[in-house]
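Based on the hints, put chain S in the right spot on chain F.
If you read the protein sequences in the order shown, they are chains F and S. Residue numbers for the first sequence follow full-length UniProt numbering, so the first one is 1 and each next one is one higher. Residue numbers for the second sequence follow full-length UniProt numbering, so the first one is 1 and each next one is one higher.
There could be a bad hint or two in this list.
One copy or any two copies: either way a pair holds, since identical chains are not told apart in the list.
Here are the simulated EDC-like pairs of lysine to aspartate or glutamate, each with C-alpha atoms no more than 20 Å apart in a straight line [claimed, not checked]:
hint : residue 1 : residue 2
1    : Lys73     : Asp209
2    : Lys115    : Glu20
3    : Lys34     : Asp116
4    : Lys73     : Glu20
5    : Lys136    : Asp25
6    : Lys73     : Asp49
7    : Lys48     : Asp116
8    : Lys73     : Asp159
9    : Lys37     : Glu184
10   : Lys34     : Glu184
11   : Lys140    : Glu20
12   : Lys73     : Asp192
None of these hints come from the bench; they were simulated from the model.
Protein chains: 2
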Amino acid sequence: MHKIPNIAVIRLALYAKHLEMLHNDGVELVSSVKLAKMCGANPAQIRKDLAYFGQFGVRGVGYYVNDLLNALKEVMGTNRTWRLGLFGVGNLGKALLGFEQFAQRGFIFTAAFDKDIDLVGTEVQGMEISQSEDIKEVIKGPGCFDIAVLATGADRAQDCAMRIVEAGIHAILNFTPVRLVVPENVFVENVDFTVRLHALCYSLTTGSDVTQRHPR
Amino acid sequence: MHKIPNIAVIRLALYAKHLEMLHNDGVELVSSVKLAKMCGANPAQIRKDLAYFGQFGVRGVGYYVNDLLNALKEVMGTNRTWRLGLFGVGNLGKALLGFEQFAQRGFIFTAAFDKDIDLVGTEVQGMEISQSEDIKEVIKGPGCFDIAVLATGADRAQDCAMRIVEAGIHAILNFTPVRLVVPENVFVENVDFTVRLHALCYSLTTGSDVTQRHPR
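The following block holds chain F by itself, in its conformation from the complex:
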C-alpha cells in the first residue's frame, strides 16, 4: 500500500462517516457528486482519494454505499473494536466517557485514570477510576487498551504521556494544548476545537458556505 498523507486519512474518515449515515438511511448507491456535497469536498478529490486503495466506483452509476463503507473501514482499520484509556476525568473527560458516538463506532473505554485521590476507586459513567501510576497493572487485566485519550490539565500532559509510553501504549489522542514529546514509534493526534471554528469564521466573513453541510 502507498503511503498516504494525514489529511487524506481524515478525509477518508469523513467519507466513511457520511457513507455510514447513507447506509443507516437505507441508501444503496451514491454518486461522487452527492458524496462530495455531503462532505464539503469536491468530486475530483473524492475520486483521487479513493484511487489510493483501488476501484470502488462504477462509471455512470456511482458508488455502492455498503461496499465502499466496508472497504474504507478495512483500509482504515476501523472494522474492529478499539479500546480507549482515558487520562484526566475532569469535565472534558467525563463528557468523553459519556459520548455515545464512541461506542457506536467501535471505540470502547476500558480504563480511566485521574490524579485526584478522591476520584480514584470511584465510578464515573460505570468506569472505575485508577491512578495513572498504576497503568502497568491496569493494562494487565480487563483495563487493557489500544489508544490513550489525554484530557488532563496542560501541566500534567507530558508526564502522563511518558507514563503511557512507558506502559507500551503507542497511540495518543491529545486534547491538551501541549506539544507532546514522545518517541518516533508513538502516534499522537492533536485535537483542536479552534480549527473547526475557522470554517465558520470564513463563512461568516465571506458569505461563502465552506462548512460540511449535511444534505436536506
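Leaving out everything else, chain S in the frame of chain F:
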C-alpha cells in the same frame, strides 16, 4: 475571491496554527517542506492551497512566517475577535468554557445557556448562565455573540438550533451527534471526535504514521 472547498479552509486553519507556533518560537522563515511536515500535509498541497489567495512564497527561500500568518488570518477572518454563545453547560460545556486556547485565538464566550433552572442565574467559569428561552433578550446586551456553540444533549439540539436561528444567529459549532436542520443561510460545522481517532487507527493498523506530528 474564488470559492474554495471546506477541506481547504480546514487546512488553512491548520497551517495558520502551525505558523503561529513557529512565530511564537521566533522562527521568521519556513520552507513549504517543513511546514508540510509539521501539518502532516504534502508541500505540493500547501503551495496549491496558498495559491487560492495570492503569492506568499519566495522561490528558494520559503515563506515569511509572520506575513503568511497575517495573510491567512485576514483571508479566514480570524484577525479579529469572535464572540461565542454556549448552549448546554454540562460536562462538555464546562470544559469548553474553560479552554484557554479559545481566548488565546480570539474566541471569547459572552453568553451561556442551560435548561437546568438550578444552573440558571449561577456563574460557571465567571459566566452567568441564562435560559435559552431568553436568548433574544441576552443578545441585546453584553451577551451578544456571533457563533453559537451547541453542547446540549442530543434530545435538545434541534429545538435549541431553531431558537438560535430565530434569534438571528447564523453560525453554529455543533458538538451534538444530531444532523441539524437549519435554513440555507445558517452555517453549521459539526465536530466529531471519532474522526480524529481514525488517523490513529490507521497508523496502528498499517504502522505508517499519518498523524499531524510536531517536529522535534
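Do the hints match the structure? See the list:
1. Taking CA atoms no more than 20 Å apart as the test, Lys73 paired with Asp209 passes between copies only; the shortest distance there is 17 Å, against 29 Å inside one copy.
2. For the homomeric pair Lys115 and Glu20, neither the shortest alpha-carbon distance inside one copy (38 Å) nor that between copies (32 Å) is at most 20 Å.
3. For a Cα distance limit of 20 Å, the shortest separation of Lys34 from Asp116 qualifies neither inside one copy, at 49 Å, nor across copies, at 40 Å.
4. When the C-alpha separation of Lys73 and Glu20 is checked against a cutoff of 20 Å, the pair qualifies only within one copy, where the shortest distance is 10 Å, while the shortest distance between copies is 34 Å.
5. Taking the closest pair of Cα atoms, Lys136 and Asp25 never come within 20 Å of each other, the shortest separation being 43 Å inside a single copy and 36 Å across copies.
6. In the homo-oligomer, the alpha carbons of Lys73 and Asp49 lie at most 20 Å apart inside one protomer (14 Å), although the nearest pairing across protomers, at 28 Å, exceeds that limit.
7. Taking CA atoms no more than 20 Å apart as the test, Lys48 paired with Asp116 passes in neither setting, with 49 Å inside one copy and 48 Å between copies.
8. In the homo-oligomer, the alpha carbons of Lys73 and Asp159 never lie at most 20 Å apart, since the shortest distance is 33 Å inside one protomer and 33 Å across protomers.
9. In this assembly of identical chains, Lys37 and Glu184 lie within 20 Å of each other by CA distance solely across copies; the values are 14 Å between and 37 Å within a copy.
10. In this assembly of identical chains, the alpha carbons of Lys34 and Glu184 lie at most 20 Å apart only when taken from different copies (17 Å versus 39 Å within one copy).
11. For the identical chains of this complex, Lys140 and Glu20 are neighbours neither inside a copy (34 Å) nor across copies (41 Å), given an alpha-carbon limit of 20 Å.
12. Taking CA atoms no more than 20 Å apart as the test, Lys73 paired with Asp192 passes between copies only; the shortest distance there is 17 Å, against 24 Å inside one copy.
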